[in-house]
Amino acid sequence: MADLSVNLAGIKMKNPVMSASGTFGSGSEYASLFDISKMGALVTKGLTLRPRAGNKPPRICETPAGLLNAVGLQNPGVEAFISDVLPEMLGFGVPVIANIAGSTTDEFVEMARQLSGTGIVGLEINISCPNVKTGGMALGTVPEVAAQVVEAVVKETDLPVIVKLTPNVTNIVELARAVAGAGADALSLINTLVGMVIDVEQRKPVLGNVVGGLSGPAIRPVGVWAVWQVAQAVDIPIVGMGGICTGQDALEFILAGASAVAVGSAFFNNPMAAVRIITELDEYCTKHGVDKLQDLVGAAWKE
Amino acid sequence: MADLSVNLAGIKMKNPVMSASGTFGSGSEYASLFDISKMGALVTKGLTLRPRAGNKPPRICETPAGLLNAVGLQNPGVEAFISDVLPEMLGFGVPVIANIAGSTTDEFVEMARQLSGTGIVGLEINISCPNVKTGGMALGTVPEVAAQVVEAVVKETDLPVIVKLTPNVTNIVELARAVAGAGADALSLINTLVGMVIDVEQRKPVLGNVVGGLSGPAIRPVGVWAVWQVAQAVDIPIVGMGGICTGQDALEFILAGASAVAVGSAFFNNPMAAVRIITELDEYCTKHGVDKLQDLVGAAWKE
Amino acid sequence: MNGPGEFICRVSAQVSLASDSYLLKLEAPTLAWTTSPGQFAMLQCGEGLDPFLRRPLSIHQVERKRGVVYFLYQVRGQGTRWLAKRSKGDMIPLLGPLGRGFTVNPAGGKGLLVGAGMGVAPLLLLASELANQQWEVVTLMGAQTASGILRPDAFMDYGEVRTATDDGSSGMKGTILDLLNKELDDSSYDMIFACGPLPVLKGVQSISIDQGIPAELSLEERMACGVGACLGCTCGGADGEYLRVCQEGPVFKAGEVDIDG
Amino acid sequence: MNGPGEFICRVSAQVSLASDSYLLKLEAPTLAWTTSPGQFAMLQCGEGLDPFLRRPLSIHQVERKRGVVYFLYQVRGQGTRWLAKRSKGDMIPLLGPLGRGFTVNPAGGKGLLVGAGMGVAPLLLLASELANQQWEVVTLMGAQTASGILRPDAFMDYGEVRTATDDGSSGMKGTILDLLNKELDDSSYDMIFACGPLPVLKGVQSISIDQGIPAELSLEERMACGVGACLGCTCGGADGEYLRVCQEGPVFKAGEVDIDG
Ligand SMILES: Cc1cc2nc3c(=O)[nH]c(=O)nc-3n(C[C@H](O)[C@H](O)[C@H](O)COP(=O)(O)OP(=O)(O)OC[C@H]3O[C@@H](n4cnc5c(N)ncnc54)[C@H](O)[C@@H]3O)c2cc1C
Ligand SMILES: Cc1cc2nc3c(=O)[nH]c(=O)nc-3n(C[C@H](O)[C@H](O)[C@H](O)COP(=O)(O)OP(=O)(O)OC[C@H]3O[C@@H](n4cnc5c(N)ncnc54)[C@H](O)[C@@H]3O)c2cc1C
Ligand SMILES: Cc1cc2nc3c(=O)[nH]c(=O)nc-3n(C[C@H](O)[C@H](O)[C@H](O)COP(=O)(O)O)c2cc1C
Ligand SMILES: Cc1cc2nc3c(=O)[nH]c(=O)nc-3n(C[C@H](O)[C@H](O)[C@H](O)COP(=O)(O)O)c2cc1C
Ligand code: FES
Ligand code: FES
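Protein chains in written order, with the working numbering: chain A, 1 to 303; chain B, 1 to 303; chain C, 1 to 261; chain D, 1 to 261.
Just so you know, the hints here were simulated from the structure itself, not pulled from any lab data. Check before you lean on any hint, since a few could be wrong.
Ranges of calculated distance between the beta carbons of each label pair, as one might list FRET restraints [to be verified]:
| # | chain 1 | residue 1 | chain 2 | residue 2 | range |
| --- | --- | --- | --- | --- | --- |
| 1 | A | R113 | C | G108 | 50 to 60 angstroms |
| 2 | D | G255 | B | A138 | 49 to 59 angstroms |
| 3 | C | G89 | A | R113 | 29 to 39 angstroms |
| 4 | C | S87 | A | K56 | 32 to 42 angstroms |
| 5 | D | P199 | A | D295 | 22 to 32 angstroms |
| 6 | D | D166 | B | D35 | 49 to 59 angstroms |
| 7 | A | M1 | D | P199 | 29 to 39 angstroms |
| 8 | A | E283 | B | G181 | 55 to 65 angstroms |
| 9 | B | T286 | D | Q144 | 54 to 64 angstroms |
Just so we're clear, the structure is a prediction, and the values are computed from it rather than from any experiment. Glycine residues also receive a C-beta, built at the ideal position from the N, C-alpha and C atoms.
Okay, chain A solo, but in the shape it has when bound:
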């Protein structure tokens, strides 16, 4: 058994495989399928300050090798989350990271405040959700705006702050540099691409929300490219994601420069995806004589 562990900006994980926000519920939905404590870390669904009903259905639409979703951040609000959902998540004995999606800087700061001391070990700042009208991606496309949000949150909290970026920008490196400069402890790359599907019989968009976020293997090359570029430009660790289904997919992100990876859409194709990935990472290390998986981070450009 190779050493798969990683210390992600102070968050200690036994392996680099996390759940991607919004795809894994509280973990208990999958608890009858595999031992959730095998995961490196859990990331919550995107939380907002007040409860959100979410977008009107249909919210899901399959696409070639992927899917669009327009859930629209349905969640009970951070307070109800802390009292009703967090305890069962903490029960798995795995680090839990809260994904927070404010519509203003103040909301981000307030959520950061409420979440500290709850057992949460890190915050993932979601300034990249394509499915909401205020906040979301709007805060994550202009470097100065993004930096300002991050700076305010970092000032408020002692928790490691991971900033999740959108790939729907001309220059993701510039954004990454801006938020790293503002004090981010780590980055998550990538959130979904914006896309839509039209029902040609109805002659209207399939999704109730018209547009949605494209995820799954279809976008994997975009994710690997984002990590490859950003890892060479900033000094903070990266959580790579976008269509990771196998150990090989995870390795692409790690070799591109990600210290950890998140599994999202893959659960829908194969609910055992995370277990498969962890096993295959270990097999790869054993086969290639790699003692410590972290030695491979960025290896595709470092040598």
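Please build the complex by placing chains B, C and D with the ligands on the supplied structure of chain A, with the hints as guidance.
Leaving out everything else, chains B, C and D with the ligands in the frame of chain A:
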């Protein structure tokens, strides 16, 4: 047989199905498979002022429901193209549009000059190629720069000028408005997304060029979304593309606001794709009592 | 209930019925033992990554001792087209049992099953369970034409079967809602169990409310995870909050949901 | 040559050989009549859009009168894994014949075939055509171990077969280049025809140049269109320009290409 014809900024086509630049050679490569004169129009491989050798191999990498390419604009140069390749393209009796990729405004202007009076019926200005170091996407991400290139070309030529945009930007609508304002007669949406794949055994990028352009069905939702947004913001016609494989796929783009569509990567999955699409567009019209396909342009948002 | 499991199931047989519909028999002993009527499974319907999502199909029938589960489905698109090509010996990954099924009150009663088109799929296992619990069962089946009335003979094992078709080629000429209204004029029932297209469910919902007969409705929505984790499959709840069809449903009490809302 | 055609071919048989390799027999009468040795076809290896690209496979053998074409291939990844699961009656879309094959001089001569591993695939049809044109044929086959020597018996129909394996389990212990050098020490040939991994082709190339024996080499590269339209499959040409493996190749004269250059 429904009326599939379209007049695209003065280019008269018997149906809206064009070849996408760089995927269909001169057309003669497919001439033993189907009657090329059935196509609405042919678009050339990206042309440069001087001959270009292209990028080092491997240039192709399959991805889930798509592929990356990094051909790097290999072409004989516009002069040799006009003397050696164009005659056989014109021989099919179908409108031929030249895709030109200058690395400076002057190069674009010079190519526009050389191509006028050759039988070419339109120019597709490629300011969106992700696979070259100068010109290409660099000219197509900043609205003012793009507008300046377009303005110069429009001034030089009497041919309809179609501007091909990249989806790798924060705001494609802004770009579209800028080039429309600069006198573009039509737009092509979308060129490829930037992406990469890493070979985990070699621990290095698969493509000789490191990055490539992602095309095929994987990116279709991104293309439909680009057309949907831009069609509602500008008054010039749009050629839609990105993963179109079937009549239904083409209809998604048309309903989103495209007057014509281009078929690219689909030829690799099914060399008869264009024929299939034309047949299925006709069948759809007949089945739904649509007399003129152009009546459906933008129908998903117009009603 | 211990939660769903992931199983790679061997096809033991598949037969094509009328109207592009198929009856698929899988070796799935654990699923056969743990499922209850109205629950469903997510079946992987392809070999590569396209199609990417699994397809939800209702558990149609089980033979617990033989460890087999049946699915009854119609070919609609890419996934079901692939599924229809499988034959004996092929392996199909599947996640289940999923969701909240029908309520089978052990006290017995008189139950009316309403299955419109492919809506009969989850009702056969229900009929058998109801019969087990000493319920009296009547099944109403509706379709456009006789060939769309699926497996009426199988339902006859558990009680009377009446049919309605648009063209009158089987049973009453008319819709299944016409048949339902007529049936309720003639007899009284303790409970209605319905599955089918939204207009039919909406009709059953208002009949249930108007006549004060409790009803349970099985809904459909596009799904990604199938286990309640992604919030992708919601429908409108009666109190304005969204409900997950895969978790709070697919079977809802008539008063719980805002159909087409 | 009239250019390639698109055919949907019925599998008439498939058999698994040693070393994860398969022999696939397709009904493809037009292809059987129009192809020449060294050409290939692009086979669609999946049902959905993943895998998206077709797979290039050499025409291994044809039976013109029966209208069948054989492919000999090894399972490497997703596409060939899918292909290996096909059986009699399945349909496979295919584009071919493609590319420029081997030169078979009708004047006859003495030809040496060099097939390393799966590199023997295009050589069987070549051996048969050479024999037809009164060539004397000797085939050298190389592999790591005896089980990797594919169909030596079939090659014996057209002339002598000699083998080399890394472990000596079949024929000479050593590489196919060792065997080639030995063979050229012993006899003289008019032409070498080679297919296999790049290091082998590079070796054959320098032997060809050193000893002044003309050679033709069959190359591989990742392909998208297969017909010369996409410029995706290039290799370095001797004069610095890129050549399309699918169009100027896959068979090149030894002097035309810059291998691994
Ligand atoms: C809980 C539940 C139980 C079901 N039970 C049955 C059954 O027993 N028999 C049967 O024939 N059908 C059943 N359906 C409908 C069945 O899931 C769809 O017909 C099937 O998913 C279509 O897949 P496709 O690939 O053939 O079609 P496509 O149109 O290609 O599918 C594209 C996408 O849309 C989804 N989709 C399409 N139609 C539906 C639908 N009606 N409901 C949900 N998702 C849909 C698919 O799952 C897929 O993600 C059930 C649906 C649900 C939600
Ligand atoms: C002209 C030509 C003739 C060939 N003839 C034969 C033959 O007769 N028998 C045989 O076993 N193999 C042959 N090959 C190699 C064969 O094409 C690959 O083994 C096959 O494409 C692998 O596909 P996969 O899906 O199993 O592997 P994957 O690794 O999953 O394929 C991923 C992608 O890479 C491409 N690829 C992978 N390996 C190769 C390769 N070696 N050459 C070209 N593309 C590759 C695939 O086509 C696909 O696009 C030939 C290749 C060429 C170019
Ligand atoms: C159904 C669904 C819901 C999602 N919800 C969120 C969310 O609440 N917050 C967030 O930051 N990302 C969310 N995402 C994005 C994922 O976390 C991830 O960044 C993206 O899907 C790419 O990874 P994947 O291809 O592995 O799914 C969601 C994705 C999906 C598919
Ligand atoms: C192999 C290949 C070569 C291409 N070359 C060019 C080019 O020279 N000029 C250009 O504007 N676009 C080029 N493109 C982009 C296509 O024209 C098209 O915009 C893109 O592939 C999306 O469409 P598709 O998914 O249908 O292929 C190329 C695409 C491919 C796959
Ligand atoms: S399908 Fe994911 S919550 Fe229902
Ligand atoms: S594969 Fe397209 S040019 Fe060779």
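- What hint numbers does the structure not satisfy? 2, 3
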